[in-house]
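Peer 1: Here are the chains, one letter per residue:
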Amino acid sequence: MAGCSKQFEFVFDGGLQSSTRALLVNEVIKHLLYERNQIPLQFDFLRQQLALAETDNAQQPSTKPLSSQSQVDRKAKSVISNLDNMFENIIKAFETCPEIQKAVVLLGSTPATPKESYIINLPHLCPEADNISLKSSKQALFQHLVAEQVLSSDLPLGPTNLYVVLCAPRTASHLPGFIPKASFKVPSRGHCLTLNMLCRQPTFACQDLTFEDTEVEISGIEPLSLECSSLDATVAYHVMSPSPEKRARLQSQFHLDKRKRHLSNPDKDFDLTKIHFSTPLIGSTPKISASNQPLGSLDLYNGTNCGQSHSQSVWFQCSTVVKGYRV
Amino acid sequence: MNGVCDLAQALPGVQKTYHIEVLKKPESITRDALIKDRVGQFLNTQKCVYGDFTITDFKDDILTESIISVSLSDSDHLIFDRKGVDLSEAKLHIHVYTLSEDEAGTEEMDEEQVSMASQWILPSAHFHGLWESLVFDESIKERLLNYATTTLLFSDKKVNSSIISWNRVVLLHGPPGTGKTTLCKALAHKLCVRLSDRFSCGQLVEINSHSLFSKWFSESGKLVTKMFQRLHDYMVDPELLVCVLIDEVESLTAARKSCLNGNEPSDAIRVVNAVLTQIDQLKKFPNCLILTTSNITGAIDLAFVDRADIKQYIGPPSPQAIYKIYLSCLNELMRVGIISPAQQLLELRALEVMRFVDNSATRPSLHLREIAIKSEGLSGRTLRKLPFMAHAMFIQGGSVTVETFLHCLSQAVDQQFADQAHLTT
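In the order they appear, the protein sequences are chains P and F. Note that UniProt numbering gives residue 195 to position 195 of the first sequence, counting from 1, and the numbers run on in steps of one. Note that UniProt numbering gives residue 155 to position 155 of the second sequence, counting from 1, and the numbers run on in steps of one.
Treat the hints as calculated values from the structure; they're not laboratory data. Do not rely on the hints blindly, as some may be mistaken.
Calculated pairs, DSS-like style, for lysine-lysine (alpha carbon to alpha carbon, straight line, at most 27 Å) [stated by the list, open to error]: (1) Lys-157/F <-> Lys-185/P; (2) Lys-185/P <-> Lys-36/F; (3) Lys-284/F <-> Lys-185/P; (4) Lys-226/F <-> Lys-185/P; (5) Lys-25/F <-> Lys-185/P; (6) Lys-24/F <-> Lys-102/P; (7) Lys-24/F <-> Lys-185/P; (8) Lys-92/P <-> Lys-24/F.
With beta-carbon atoms standing in for the labels, derived distance ranges [unchecked claim]: (9) Ile-62/F <-> Lys-92/P: 18 to 28 Å; (10) Glu-148/P <-> Glu-142/F: 54 to 64 Å; (11) Lys-323/P <-> Glu-142/F: 36 to 46 Å; (12) Glu-103/F <-> Lys-77/P: 16 to 26 Å; (13) Ile-163/F <-> Ser-188/P: 30 to 40 Å; (14) Ser-161/F <-> Ser-188/P: 22 to 32 Å; (15) Ser-152/P <-> Glu-332/F: 50 to 60 Å; (16) Gln-411/F <-> Lys-92/P: 51 to 61 Å.
Bear in mind the structure is a predicted one, so any value in this text is a computation, not a measurement. Where is the CB? At the ideal position from N, CA and C, for every residue including glycine.
Go ahead and model the full structure; you've got the sequences and the hints to work with.
Peer 2: In structure tokens form, the structure reads like this:
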């Protein structure tokens, strides 16, 4: 099967809370199972039907269902129970580690050789952004999923296993219901679909002290000359070899200095790039470099692969596997 | 050249290297490099080792948190004459691995609702300990590991396969119950453990030969081709070691000559042709190994037999191997308390050193040796079953002493031979 990949983008009008993220991933899984013929009915409808059948059986115990029907019911019950377990695990995982960057849903006999892979890239967390409600985020998601028929495919797929793998920072040492899979990597074979979830939210604005249009006056500090301040900073970098955190702090000091330059010498053009740092700043302080984006811009997913930033991220596989069935 | 040296060190048996296997806890995210480092330090503090060992108690917090066991296996061919080896001076190769708990997945053809193959991610918890439980007279296990070593070495070195040919096919044949299929599964598992630095993970694909025959005339050959096409897709990933197991291979590679003479439809011939051509195509993948087994070697097509690089006969175990099998069974029964009190049973080598002298310490072991000699001719599968049969037929109670159990085991062996005699007459 030749590898074939497609990408879709979903833009939400605000930030997504971690609980909303988990529920959106669950909704995608539910829809996917139905679209890819792993369950005969939509998940919620299937659960409803099963509950109805059970009530009927309880009311009329004398009517024995056909053996084939009871077998189908048994399979449905098992799928629903496994899915409930899986959804619960996903919710708990997002509660434990809201920084989960990526969820991968795999359809195939094993996670190493899936026939189809669905990669859900989640937006960056921004606690201070205006979060949208679960209802509107679900509406926005399904509008795209259904209207554009994102998950439907002409490729035939028999009943197979569904695996869920999450990419979380290494700091999340334990995700309940998930097992670390150091050897896992996003499969390159088979049908692959990437769903990029994007949010209209201020990117890192909440942590960024440097991006402020209004000018800042700090009392008690005498404005220094540019040459002096740059020299001081350079000397500080050369002599003290500061840690990345210190470097970031120093850089924000420069930004503050810059404002002050404007305050004291508005005509003098200050160019931060002319200052020579012995250690590259951009690489070590990505947040500050990202702050150059205008406020309110789209938080476009940067496409960082969990495998590429392997040292920082770990894949966690859900211990529950769902096996699809056909009536 | 460095690459070859590295590979030679990573692969088993090329140099006299002690392969230390470290089983990591499934929930651990400690980096393998750190674990290797700590295990290396820990082993440096250990004294001489005289054979296989498994350590589960560590005086290191990181190791206690991150790993389950540290073990050395197959040391028989490395530690000669029980002289012992100082691990601080020995050349160690540490392999860190985690067991996959996943159940077997099934590969189904889209239009046919039949499972064509079962698949396991390796190293798998289902095959853990199989390798160590297999006892053979010759160094078959080492031979097979060395074969896989050379296969990968030649592939990595990009040896021209038109000049030097190898097909990546192993054929194990012999009477039923001798452990051919188990050996294939255990070999795949062991290779993934030992080559964890080389391949990020492995997969065992067990082909269900019977399901490749279609009810439609002339479709079987196409099913075989489709099945192998799936395997091609797996092998595209160079970091995935794919071991293909074809059990009872004669059903897919029945001798075409006999098919022509008998009532077999020509569809069966198409299947054999498809298998042979597909095996030839798998040769190009460096991460592939085809393991096959058969009870009826005479029924296999000669062209397939010719393609097999190793045609290993697996016969019934000798009394020495039987003694080892019984010994492991009795130790297990002592561990769970069915045989109580637990008593030290000596290895055959120790008995030899003591010149089989009869005293209170050696008596149970000597009795076990007598039973092992009496059991010659029984298959490995039967031998592993006999302690259970002995308990079921002659004990049926709670715990028993070693002496009583050995007596019952002896009776079970007699019973087994009597049953076999009745079947043949």
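Peer 1: Report the numbers of all earlier hints that the structure fails to satisfy, in ascending order.
Peer 2: none
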